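One-letter residues, chain by chain:
Protein chains: 2
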Amino acid sequence: MHRAIAYIQEHRDAFVEELKSFLRIPSVSTKSDHKGDIQKAAQWLTEHMQRIGLEHTQILPTAGHPIVYADWLHATGKPTALIYGHYDVQPPEPLELWVTGPFDPTVRNGELFARGAVDDKGQVFMHLKALEAHLKTQGCLPVNVKLLIEGEEEIGSPNLDRFIMEQKDLLKADVVVISDTAMIAKGVPGITHGLRGLVYFQIDVEGTKSDLHSGGFGGAVVNPAFALAQLLTQLKDRNGRITVPGFYDDVRRLPAEERRALAGLPFSEKKLQKDIGAPGLFGEKGFTTLERLWTRPTLEINGLYSGFIGEGAKTVLPARAMAKISMRLVPNQDPAKIARAFTQYVKRLSPKTVRLKVTELSGRGTPWLAPTNHPAVQALARAIQKGFGKKPVFTRTGGTIAVVPTLDRLLRAPILFLGIGLPDENAHAPNEKLDLDNLHHGMLSAAHLWNELAEVILL
Amino acid sequence: MHRAIAYIQEHRDAFVEELKSFLRIPSVSTKSDHKGDIQKAAQWLTEHMQRIGLEHTQILPTAGHPIVYADWLHATGKPTALIYGHYDVQPPEPLELWVTGPFDPTVRNGELFARGAVDDKGQVFMHLKALEAHLKTQGCLPVNVKLLIEGEEEIGSPNLDRFIMEQKDLLKADVVVISDTAMIAKGVPGITHGLRGLVYFQIDVEGTKSDLHSGGFGGAVVNPAFALAQLLTQLKDRNGRITVPGFYDDVRRLPAEERRALAGLPFSEKKLQKDIGAPGLFGEKGFTTLERLWTRPTLEINGLYSGFIGEGAKTVLPARAMAKISMRLVPNQDPAKIARAFTQYVKRLSPKTVRLKVTELSGRGTPWLAPTNHPAVQALARAIQKGFGKKPVFTRTGGTIAVVPTLDRLLRAPILFLGIGLPDENAHAPNEKLDLDNLHHGMLSAAHLWNELAEVILL
Numbered sequence: 167m168h169r170a171i172a173y174i175q176e177h178r179d180a181f182v183e184e185l186k187s188f189l190r191i192p193s194v195s196t197k198s199d200h201k202g203d204i205q206k207a208a209q210w211l212t213e214h215m216q217r218i219g220l221e222h223t224q225i226l227p228t229a230g231h232p233i234v235y236a237d238w239l240h241a242t243g244k245p246t247a248l249i250y251g252h253y254d255v256q257p258p259e260p261l262e263l264w265v266t267g268p269f270d271p272t273v274r275n276g277e278l279f280a281r282g283a284v285d286d287k288g289q290v291f292m293h294l295k296a297l298e299a300h301l302k303t304q305g306c307l308p309v310n311v312k313l314l315i316e317g318e319e320e321i322g323s324p325n326l327d328r329f330i331m332e333q334k335d336l337l338k339a340d341v342v343v344i345s346d347t348a349m350i351a352k353g354v355p356g357i358t359h360g361l362r363g364l365v366y367f368q369i370d371v372e373g374t375k376s377d378l379h380s381g382g383f384g385g386a387v388v389n390p391a392f393a394l395a396q397l398l399t400q401l402k403d404r405n406g407r408i409t410v411p412g413f414y415d416d417v418r419r420l421p422a423e424e425r426r427a428l429a430g431l432p433f434s435e436k437k438l439q440k441d442i443g444a445p446g447l448f449g450e451k452g453f454t455t456l457e458r459l460w461t462r463p464t465l466e467i468n469g470l471y472s473g474f475i476g477e478g479a480k481t482v483l484p485a486r487a488m489a490k491i492s493m494r495l496v497p498n499q500d501p502a503k504i505a506r507a508f509t510q511y512v513k514r515l516s517p518k519t520v521r522l523k524v525t526e527l528s529g530r531g532t533p534w535l536a537p538t539n540h541p542a543v544q545a546l547a548r549a550i551q552k553g554f555g556k557k558p559v560f561t562r563t564g565g566t567i568a569v570v571p572t573l574d575r576l577l578r579a580p581i582l583f584l585g586i587g588l589p590d591e592n593a594h595a596p597n598e599k600l601d602l603d604n605l606h607h608g609m610l611s612a613a614h615l616w617n618e619l620a621e622v623i624l625l
Numbered sequence: 167m168h169r170a171i172a173y174i175q176e177h178r179d180a181f182v183e184e185l186k187s188f189l190r191i192p193s194v195s196t197k198s199d200h201k202g203d204i205q206k207a208a209q210w211l212t213e214h215m216q217r218i219g220l221e222h223t224q225i226l227p228t229a230g231h232p233i234v235y236a237d238w239l240h241a242t243g244k245p246t247a248l249i250y251g252h253y254d255v256q257p258p259e260p261l262e263l264w265v266t267g268p269f270d271p272t273v274r275n276g277e278l279f280a281r282g283a284v285d286d287k288g289q290v291f292m293h294l295k296a297l298e299a300h301l302k303t304q305g306c307l308p309v310n311v312k313l314l315i316e317g318e319e320e321i322g323s324p325n326l327d328r329f330i331m332e333q334k335d336l337l338k339a340d341v342v343v344i345s346d347t348a349m350i351a352k353g354v355p356g357i358t359h360g361l362r363g364l365v366y367f368q369i370d371v372e373g374t375k376s377d378l379h380s381g382g383f384g385g386a387v388v389n390p391a392f393a394l395a396q397l398l399t400q401l402k403d404r405n406g407r408i409t410v411p412g413f414y415d416d417v418r419r420l421p422a423e424e425r426r427a428l429a430g431l432p433f434s435e436k437k438l439q440k441d442i443g444a445p446g447l448f449g450e451k452g453f454t455t456l457e458r459l460w461t462r463p464t465l466e467i468n469g470l471y472s473g474f475i476g477e478g479a480k481t482v483l484p485a486r487a488m489a490k491i492s493m494r495l496v497p498n499q500d501p502a503k504i505a506r507a508f509t510q511y512v513k514r515l516s517p518k519t520v521r522l523k524v525t526e527l528s529g530r531g532t533p534w535l536a537p538t539n540h541p542a543v544q545a546l547a548r549a550i551q552k553g554f555g556k557k558p559v560f561t562r563t564g565g566t567i568a569v570v571p572t573l574d575r576l577l578r579a580p581i582l583f584l585g586i587g588l589p590d591e592n593a594h595a596p597n598e599k600l601d602l603d604n605l606h607h608g609m610l611s612a613a614h615l616w617n618e619l620a621e622v623i624l625l
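From first to last, the protein sequence lines are chains L and H.
Our numbering runs 166 ahead of the 1-based position in the first sequence.
Our numbering runs 166 ahead of the 1-based position in the second sequence.
Everything labelled a hint here was simulated from the structure, so no lab data went into it.
Quantities reported herein were computed from a predicted structural model and do not represent experimental measurements.
Heads up, some of the hints might be wrong.
The list treats identical chains as interchangeable, and a pair is accepted whether it falls inside one copy or across any two copies.
Below, simulated DMTMM-like cross-link-like pairs (lysine to aspartate or glutamate); rule was C-alpha separation at most 25 Å, straight line [as the list claims (entries may be wrong)]:
1. K334 - D377
2. K523 - E424
3. K557 - D377
4. K338 - E184
5. K480 - E372
6. K436 - D203
7. K513 - D403
8. K552 - D327
9. K557 - E213
10. K518 - E435
11. K206 - D327
12. K451 - D270
13. K338 - E221
14. K440 - E457
15. K244 - D403
16. K503 - E277
17. K518 - D403
18. K197 - D415
19. K437 - D416
20. K523 - D327
21. K557 - D416
22. K523 - D370
23. K480 - D370
24. K440 - E372
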């Protein structure tokens, strides 16, 4: 084992140069004119995988961008881990805000700047190098591994569920390792063990069959924009509490111990407020910001439209008004039950002077929370402690990772998050970057993880 | 006089054919590719005006589309009337809903179908024919007349105020006649003697400096769309009463007599509801629909925007939300005072967790109400009674005619509305039409008006 660790330490600088060649490929998944670059990135991966000794390397087609697969399965009697990551990146625009080009990777002050540096090429690369360290120094891995690196994460993984369903046997594993998340702060390595779920709705309110003149009809006809505003206002009370009946019934109470643990994390509300440029923070009364973000459900307006929204004035009495509403769910809320309760409540709130339509959009996401005392999670904790020289904290994220419930449901394997990003590394924004210390400690942790997992008996 | 009347009766059918040639010109003012047609329509007018014996006919340039002017000023010692109308039309789209082409004028069941038939070419044409009847049969007019026919009414008359200000001497008159309105129902000729005023605002609410991810930040950050909805909801109570402090202070109480007169008008709420396809009507408690439309002020949302409004779902926590709000005012509300009260109230309602901006848009419109017993108004009433064979009713409109306060202020002359449209003639909509009986009776009324006005001493 110490030879694998030494290998990573010896190649620290060379690895950064190798990562740069991966980052130079502008594999933007959302734009069709980057299709060739997507192909190039997939090719870069397979060639790299072959070179470091992985097997069955292949580029598997989907209805969209292909999925890269590879494995190494010679650790007889040992667990099999499935590593998930993605090789596609967000568009780099607005380009003028980048200090150096998004696809011209540059190191400044121990940080590597490039689109995809942290999200997610750097984290995929971390795994490749940890596997290489084992394979080059020992000729084998302590466990079996499979890699599933997709090319459509930044556009919502539209073909991933189907792929996993169809390739269930190929992907069969005892444990899943996802590396596409961030730690709470530099120097505070962490394990994400909770995600929020999601239901998403569109509400359409119709007052009249077509737009009317606000002079000729104003004052005597229902205004659907007003009706919608009144309806929306009734979805939350002044304390930020959601008023959908039964909404909180199944919300897991936060044990005092977890509450204390959250309070002990290095998180600054002041810094958050400054980072997002808000005059003030606001959320459900009785909870801290971190509790609101990680452990409490939300109901947010994602979009709002009615009438004339161009420049200047138009005296229209709108026929219709529309709102997009999403709810983030936490354990043990059931997306189906919440969707039903929301629809019924909104219909009940609607005045009789308008026609209301409630439409559920996009897939439901189930909230996810893993017990921190699971042997696989404990193995990851030990690996991180060895890799970073520091005991990891347990964190959650307020977001929803679509693939998690799918993997959970289809593979029935514990999911481990080994994420080495930082909250201020500008994923999805200009000047995306990756802390090179974290990359190095991440590689060490990944290398240790396979040894730790080899010792765990997974059922 | 009877010779002018006979002339109109003899040429009844021929006039319709002439009007068709005016309606065939697609003088859509909002589209730059119709600039040539605008020119053509202005030319058609001046040639027609010259042919019927009007003088000083000219096409006067503005920063936008030109204004057509003509006069006849040989009635020494008699009053001078300024006739206002417009030769531009609304766009005809959606074309597929027209039974016959918008610029292929067609008569069906005594109605002439074409874009501009009622709004406003038909009503301008009515005046030309009444003047022609006098000039061709008597060689003179009973009064002096000036015609101001603009080409930008359908785009908000952006250059008219300035033109009137600059041409104050040219346009000087003792009375103004506007023909661009409708009567309340077929067989019920009327005189519009009241208009509502207008103030128009945009409210911008900013929560954060840029859009955030609703997973990563939802529940802990103020949602500007929610803040805006809450603010809007507080602008009116459940009874439809506007809650801006002082809003109703200067509203003129409706005398019992006027209330009775309104109740006696042939107006059906059921028909209105059916025409606009509304599940129900709604307005300020304690008032009839006609009272709400004509005599009560309003506060309406004209536009609403926040976040993602495209198809499908996007989990964005919007940085900003926007609403366009307009208020229709009634005598004796002062637009400046209402604008001030609204701005102060909205600022007071805004939570401290957002940045609020209140911007006044477009020109203010002063409410207008003319006494029905003015000698000029009584002259118009007699002319209509002779033209339609029926005593006119006094009506108002809920709309705002921008030129009215300007004319009122600059010319200080009484304004008469001789309008022959009907509420269901689809102005601004497909299958716009004009009732040919009304056109004929309108011409007779216009011809009578000049005789009646010649007898009135205006100060």
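Can you give me the call for K513 and D403, within, between, both or neither, at a CA distance of at most 25 Å? both (18 Å within a copy, 21 Å between copies)
One pair to classify: K334 and D377, alpha carbons no more than 25 Å apart. Within, between, both, or neither? The answer is neither: 51 Å in one copy and 37 Å across copies each exceed 25 Å.
Measure nothing new, just compare the shortest in-copy and cross-copy C-alpha distances for K338 and E221 to 25 Å and report within, between, both or neither. within (16 Å within a copy, 93 Å between copies)
Since the copies are identical, ignore which copy is meant and state whether K440 and E372 lie within 25 Å (CA to CA) inside a copy, between copies, both or neither. Answer is between; shortest inter-copy Cα gap is 15 Å, intra-copy 40 Å.
When no copy is named, should K557 and E213 be tagged within, between, both, or neither for a Cα gap of at most 25 Å? Close neither inside one copy (35 Å) nor across copies (92 Å); limit 25 Å.
Taking 25 Å as the upper bound on the Cα-Cα distance, should K523 and E424 be classified as within, between, both, or neither? neither (40 Å within a copy, 41 Å between copies)
Is the C-alpha distance from K451 to D270 at most 25 Å within one copy, between copies, in both cases, or in neither? neither (46 Å within a copy, 65 Å between copies)
Are the CA atoms of K518 and E435 at most 25 Å apart within a copy, between copies, both, or neither? Cα proximity of K518 and E435: across copies only (17 Å, versus 43 Å in one copy).
Treating 25 Å as the Cα threshold, decide for K437 and D416: within, between, both or neither. neither (32 Å within a copy, 50 Å between copies)
Identical-chain pair category, K503 with E277, by Cα at 25 Å: neither (45 Å within a copy, 57 Å between copies)
For the identical chains here, do K523 and D370 meet the 25 Å Cα criterion within one copy, between copies, both, or neither? within (5 Å within a copy, 27 Å between copies)
Between copies, within a copy, both or neither: which fits K480 and D370 at Cα up to 25 Å? Answer is both; intra-copy 22 Å and inter-copy 17 Å each pass.
In summary, the structure is inconsistent with hints 1, 2, 3, 4, 6, 8, 9, 12, 15, 16, 18, 19, 20, 21 from the numbered list given earlier, while agreeing with the others.
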